Amino acid sequence: MVTNNLPIGKTNLDIFAQTLIELAANDHDILVVTSDSRGSGRVTPFAEKFPEQIVEIGIAEQNMVGVSAGLASAGKKVFTVSPACFLTARALEQIKNDVAYSDQPVKIIGISAGVSYGALGTTHHSLHDFAALQAINNIDIVAPADNFETVQVIQAAVRYPRPIYIRFGKKAMPNLHSSDTHFEIGKAIQLTPEREKYDVALIAIGETVAPAFLASQALLEKGINCCVLSLHSLRPFDEAAVQQAAERSKAVITVEEHSVNGGLGSRVASFLMQAGVFRPLRIVGIPDEHTVTGSQGEIFNHYGISPQGISQTALRLLKKEAEQ
Amino acid sequence: MPLTPTPPQLSLEKIRLLESKSILYRRIILKMIFMAGAGHTGGSLSCVDILNVLYNHIMNISPQNFLEVNRDHYIHSKGHSVEALYAVLADKDFFPIELLDSIEKYASDFIGHPTRSVFGIEQNTGALGHGLSVSVGMALAAKKDGRHDRVFTIMGDGELTEGSVWEASASAAHYHLDNLVTIIDRNTLQITGRTENVLAMEPLEEKFAAFGYAVRHVDGNNVAQLAALLENLPFEAGKPNLVLAHTVKGKGISFMEDQFQWHHRLPTDAEYSVALRELEQAEKALEKTYGHQ
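Sequence order for the protein chains is A and B.
If you read the first sequence in the working numbering, its first letter stands for residue 640, the second for the next number, and so on.
If you read the second sequence in the working numbering, its first letter stands for residue 59, the second for the next number, and so on.
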């Protein structure tokens, strides 16, 4: 991912694991459940420090989620950590029935999500998780964009009363927010200065917020003003923020590391249409085809999930808008 | 098949009470299914004696302690046999029995599978192969907290082809969950026919034993034998408990017994009358055996 101009932080997973260690020191009800995934989930130090608070299930995601529901029903604060690709596909029925339908407040942590695994291929990509989980009632969906959002969402998740899915990538993330930024699950964060009018609203989630923000800086040099939203929570969906950003903009672009079907873009488009806010709109994401092979960065560049790609999409969209 | 002998220690009054409860529950189950025009007759009738013994003799669970964690727990993994569970929970005063008149009606909490909307049910089930994993989690939480509560679950024998059952079994043994009691309603029938013809899973005793369970056989429609067996938990310290409860699908109604069609067939008016008469006769036979209460 192109991250020039932005100070680079740690991986969100490292921050997640570090935050959990801090929280677990004073709370023995915090449990981490793994599927032979403690290394990839960066929770080995947690396991060493709190051996009684890690539950190893082996490579068995369905059982992992069912066991997590049982632990949560007994009052445990359960973080279920496994690659997003397996967790949200193979164990989808357990997420639907044992967690969401049964109202067990398990924290489902999907790691190395999207195309983080790069050249390992489609078996290891999760480009369906937003779509699948958005169609399941009673599970909130969050994808933090940087270390700050990660700390905030994990601290909130510990005492969160509902099932929640939290999606993490694999790479070190640029820092986007100052430490005094207000974070709340379900409330988007605007990264650009507030204005009455913008040219384009760039609405992004997770790993794609940084390229969207960098695109906005490049566009500003051309005199184009953007409203950049980190819409970290797909559910609860911040309708007010999305509506205001769209109403104040000539065009809307959504950016996500997910299939263009059923994710952030679909959600934003369907909301705006039904709210009567009609703007030219582009959904940037992974199209409906066999995903190109390569690293995460190469896949992003291929599909225009990059500062350059997003800028070009914005310029084309605005040109089209001006011609009409 | 070595079955547990009838225990001398269980009083005749207790056996009589349990046997008459079984007849009552069968009456409630059939009424529910007849009135609703829906339900799973055969499987409810095969597992109801097990539920009877659990709720009336073995488990520390009641409407009074249900909201506490420190008590026994029950997960109905074979969720489709919900009528048996509703009958027992109503009898145990978890909710007024009149509420069962709303079964499967518009906006009712009493649907065709268990949900936590009904007081007394702790996990939504219905998709097969889920209950055991959840039970493992509950039993593990009890162990971690040093509590002595136990977790009971009933699975159908058709359910055993779900792979997640075996994932859960491996984890139950790995964590030495001797506070977990898995009971297989081994009625040998599923919706298509004989379980062994649909997909052969025998030898079950050897399979479960190899997975690390302490396995016991019991006549799952004999309340005295069930009570005697389940009084002796855990069967072996450090091992999860597995009961192969040999039952008869449709047990208690002659023309429903061991007929796979009754998996979810509904009684006609005439069949319902005959079924009720057979239950009356069973009650009279009880009086003959034990005398008037």
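Simulated from the structure, these hints should not be mistaken for laboratory data.
Treat the hints with care, as some may be off.
What the hints assert, rightly or not - With a straight-line Cα cutoff of 27 Å, these simulated DSSO-like cross-link-like pairs (lysine-lysine) come out: (1) Lys-810(A) <-> Lys-958(A); (2) Lys-150(B) <-> Lys-163(B); (3) Lys-688(A) <-> Lys-202(B); (4) Lys-688(A) <-> Lys-201(B); (5) Lys-89(B) <-> Lys-265(B); (6) Lys-836(A) <-> Lys-688(A).
Here the structure is a predicted model, which is why all the values come from computation and not from measurement.
Here's how the hints hold up against the structure:
no.	hint	in the structure
1	Lys-810(A) <-> Lys-958(A)	violated (35 Å)
2	Lys-150(B) <-> Lys-163(B)	holds (23 Å)
3	Lys-688(A) <-> Lys-202(B)	holds (16 Å)
4	Lys-688(A) <-> Lys-201(B)	holds (20 Å)
5	Lys-89(B) <-> Lys-265(B)	violated (38 Å)
6	Lys-836(A) <-> Lys-688(A)	violated (51 Å)
Going through the hint list in order, the structure does not satisfy hints 1, 5 and 6.
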